[in-house]
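Required output: the full structure, derived from the provided sequences and hints.
If you read the protein sequences in the order shown, they are chains F and W. FYI, UniProt numbering numbers position 70 of the first sequence as 70, with every residue one higher than the one before it. FYI, UniProt numbering numbers position 204 of the second sequence as 204, with every residue one higher than the one before it.
Just so you know, nobody snuck in bad clues.
Heads up, the list lumps identical chains together, so a pair's fine if it works in one copy or across two of them.
Only pairs whose alpha carbons sit at most 27 Å apart, straight line, appear in this in silico DSSO-like list of lysine-lysine:
#1 Lys-10 - Lys-99
#2 Lys-54 - Lys-10
#3 Lys-52 - Lys-9
#4 Lys-10 - Lys-24
#5 Lys-10 - Lys-52
#6 Lys-10 - Lys-97
#7 Lys-9 - Lys-56
#8 Lys-124 - Lys-9
#9 Lys-102 - Lys-24
#10 Lys-56 - Lys-102
#11 Lys-54 - Lys-24
#12 Lys-54 - Lys-9
#13 Lys-56 - Lys-24
#14 Lys-80 - Lys-164
#15 Lys-52 - Lys-97
#16 Lys-97 - Lys-9
Hints listed in this document are in silico derivations from the structure and should not be mistaken for laboratory results.
There are 2 protein chains.
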Amino acid sequence: MAEFPQAIKKLISAFERLPGVGPKSATRLAFYLLNTPQDFIADLSNSILEVKSKVKICSACFGVGESEICGICDDNKRNKKEICVVERSIDVMAIEKMKTFKGVYHVLGGVINPLDHIGPEELKIAELVVKIKNLLTEDEAIEVILATNPTMEGEATALYIKKKLLELDNRGKLLISRIGSGLPMGADLEYADESTLARAMEGRREL
Amino acid sequence: MAEFPQAIKKLISAFERLPGVGPKSATRLAFYLLNTPQDFIADLSNSILEVKSKVKICSACFGVGESEICGICDDNKRNKKEICVVERSIDVMAIEKMKTFKGVYHVLGGVINPLDHIGPEELKIAELVVKIKNLLTEDEAIEVILATNPTMEGEATALYIKKKLLELDNRGKLLISRIGSGLPMGADLEYADESTLARAMEGRREL
Numbered sequence: 001m002a003e004f005p006q007a008i009k010k011l012i013s014a015f016e017r018l019p020g021v022g023p024k025s026a027t028r029l030a031f032y033l034l035n036t037p038q039d040f041i042a043d044l045s046n047s048i049l050e051v052k053s054k055v056k057i058c059s060a061c062f063g064v065g066e067s068e069i070c071g072i073c074d075d076n077k078r079n080k081k082e083i084c085v086v087e088r089s090i091d092v093m094a095i096e097k098m099k100t101f102k103g104v105y106h107v108l109g110g111v112i113n114p115l116d117h118i119g120p121e122e123l124k125i126a127e128l129v130v131k132i133k134n135l136l137t138e139d140e141a142i143e144v145i146l147a148t149n150p151t152m153e154g155e156a157t158a159l160y161i162k163k164k165l166l167e168l169d170n171r172g173k174l175l176i177s178r179i180g181s182g183l184p185m186g187a188d189l190e191y192a193d194e195s196t197l198a199r200a201m202e203g204r205r206e207l
Numbered sequence: 001m002a003e004f005p006q007a008i009k010k011l012i013s014a015f016e017r018l019p020g021v022g023p024k025s026a027t028r029l030a031f032y033l034l035n036t037p038q039d040f041i042a043d044l045s046n047s048i049l050e051v052k053s054k055v056k057i058c059s060a061c062f063g064v065g066e067s068e069i070c071g072i073c074d075d076n077k078r079n080k081k082e083i084c085v086v087e088r089s090i091d092v093m094a095i096e097k098m099k100t101f102k103g104v105y106h107v108l109g110g111v112i113n114p115l116d117h118i119g120p121e122e123l124k125i126a127e128l129v130v131k132i133k134n135l136l137t138e139d140e141a142i143e144v145i146l147a148t149n150p151t152m153e154g155e156a157t158a159l160y161i162k163k164k165l166l167e168l169d170n171r172g173k174l175l176i177s178r179i180g181s182g183l184p185m186g187a188d189l190e191y192a193d194e195s196t197l198a199r200a201m202e203g204r205r206e207l
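Pasting the structure below:
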């Protein structure tokens, strides 16, 4: 049996390591590149190589940015007393797309997940605690919005953080909220799963 | 609204140009690479850059290989009188996986498709005609298996090639066959479409 040329096999196995890319799509991608102009190939190869070196992790919020402090943390018009806690940088961009949130972020880098051996110390929780502690020495009210995903791990992480942060607050200056969950817009009650529906009922609001 | 860092945006738009990769998966891939060890990133970037320069197109069958003549065409144990005509190099590998075909290939580089402005002259059909003409000067029987896909374009291309090749054969030395089509293994008659079922009936064999 003849085999793929070595260079193609190498490319296929590199593609296969990407999330959501199986052997079939990896093969398809590799053969697609074979028939693609060299300038696109050079461009793709370069972009991949540069992304890690050019993108910086913000030392204030741990999100992605182009310098030591990201554009959001560096923006004076942003309310530093309103902190939205998310799992990953990509979640920051999802919230930014709404264009209505005017606070800042704190990126945890994941969620507590004992099955994957990820405990609180693997996440930026200690850094969040220090940040809130410092903010509480000033005299204004602070809101922390826990916007981890509404999954089992996301919920547990939100509860853990809530507990840690409440220990800091002895003057009632700290409001901790959880992002709302319920039926997504455009959904149909008939097809909603029970736990989403239960959340939607719990989270009902007066009209 | 804050935006992705430039390097991430560039990588996302490069990924989006790949087949089957939409904006969401492109973003996901880009963020995945951000959190990946640098050596994998270097490896992926290199493999992409090298694939086009290291892979050669075989001058005999137009399939992919590592030198001027691919491993299959260069193999003396392969029967050069049995030629399987396929659309793309990737189809060669699919047939090779069976491990039972002992002939050689001819890669057309596509199919006749007037909607995409691909006529016979865009494909390696003239080269196939010359190849068969030369083989017919010798005195042995030749089989050409037309293994283009069983799509409208693949069928039309097979018929076109059959007509061209039969013009060459004035001594009855040329057998032209079409790869079988019908129900795939493991299929269920109930769910088969009509044209597949019609093909399966036409292609019935004595047991």
